[in-house]
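*Asks:* Residues per chain are reported as follows:
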Amino acid sequence: MSRRPYVRAVRRTWWLRQPRYVVYMIRELTSLFIGLYSAWLVIGLVRLAQGRTAWEAFLAATSSPPAVLFQLVCLAFAAYHSITWFAVTPKAMPLRLKDEPVSGKIIVGGHYAAWALVSLVVLIAAGV
Amino acid sequence: MARSNKPILWLPFAAGGLVAALVMPVLILITGLLVPLGVLHLPYDRMAAVAHNPIGKLMLFGILALPAWHAAHRLRMTAHDLGLGRGFAVKVACYGSAVVLIVAAAAALLAV
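From first to last, the protein sequence lines stand for chains A and B. For the first sequence, position 24 (counting from the first letter as 1) is numbered 24 according to this note's numbering, and the numbering increases by one without interruption. For the second sequence, position 49 (counting from the first letter as 1) is numbered 177 according to this note's numbering, and the numbering increases by one without interruption.
In case anyone wonders, no lab produced these hints; they're calculated from the structure. Treat the hints with care, as some may be off.
DSS-like, lysine-lysine: derived pairs with alpha carbons at most 30 Å apart [stated by the list, open to error]:
id : chain 1 : residue 1 : chain 2 : residue 2
1  : B       : Lys134    : B       : Lys219
2  : B       : Lys185    : B       : Lys219
3  : B       : Lys134    : A       : Lys91
4  : B       : Lys185    : A       : Lys105
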């Protein structure tokens, strides 16, 4: 390796040049909202551990208009994450069954089925 | 060949992406819409029972820790893509906040 490696300058706006780069950046941005909502859930868990009063205060906080607005934004990004994550699964984890490649439609469809099942189980567990 | 620490970063990243894809939307739907609308109430006793149960603890930990790690890893890569800093500071900011969340979740699950 050379002692002064050449580092090509990257313009911070490179991703605005092409629509497909912008879509890529939106996809990457979903992780920010996944992280923020994880933090909100951890706060909820900490409040649950603190007892009944703290938990009820968390439920009131999560129902406040700013929290609802924040979570609706998170929901949009989370759903976009799910859809795009499932869309690449045939490429990310191709399956073979009896030496035959499994069709991408089946892999993606399986993920959607799992998504529906998990959502249903969580809703039932939450008391729907 | 030098050993790489990449799998240690990668495995929870991929698992976190899948967990986030499968459970995050419905969880946000619950805490961000169904509870505020009064459709669901998430009573303390029911939620505390889940957090007391060993399997419940494990599931809650996975649901919280894996997506947090996924987000941290991906944000680090995105910061790199955007040419924001290089190296240590970004790593500390991303993985550090994930570690804080994961430790807080583990502590709450042990204390509950």
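*Asks:* Give a verdict on every hint.
*Replies:* Checked hints:
Taking the CA atoms of Lys134 of chain B and Lys219 of chain B, the gap is about 14 Å. The hint holds against a cut of 30 Å. Using a Cα cut-off of 30 Å, the hinted pair Lys185 of chain B and Lys219 of chain B holds, with the two alpha carbons roughly 28 Å apart. Among the hinted pairs, Lys134 of chain B with Lys91 of chain A is consistent with the structure: their alpha-carbon atoms are about 20 Å apart, no more than 30 Å. Under the criterion of a C-alpha separation no larger than 30 Å, the hint pairing Lys185 of chain B with Lys105 of chain A is inconsistent with the structure, at around 34 Å.
The earlier numbered hint that this structure contradicts is number 4, and it is the only one.
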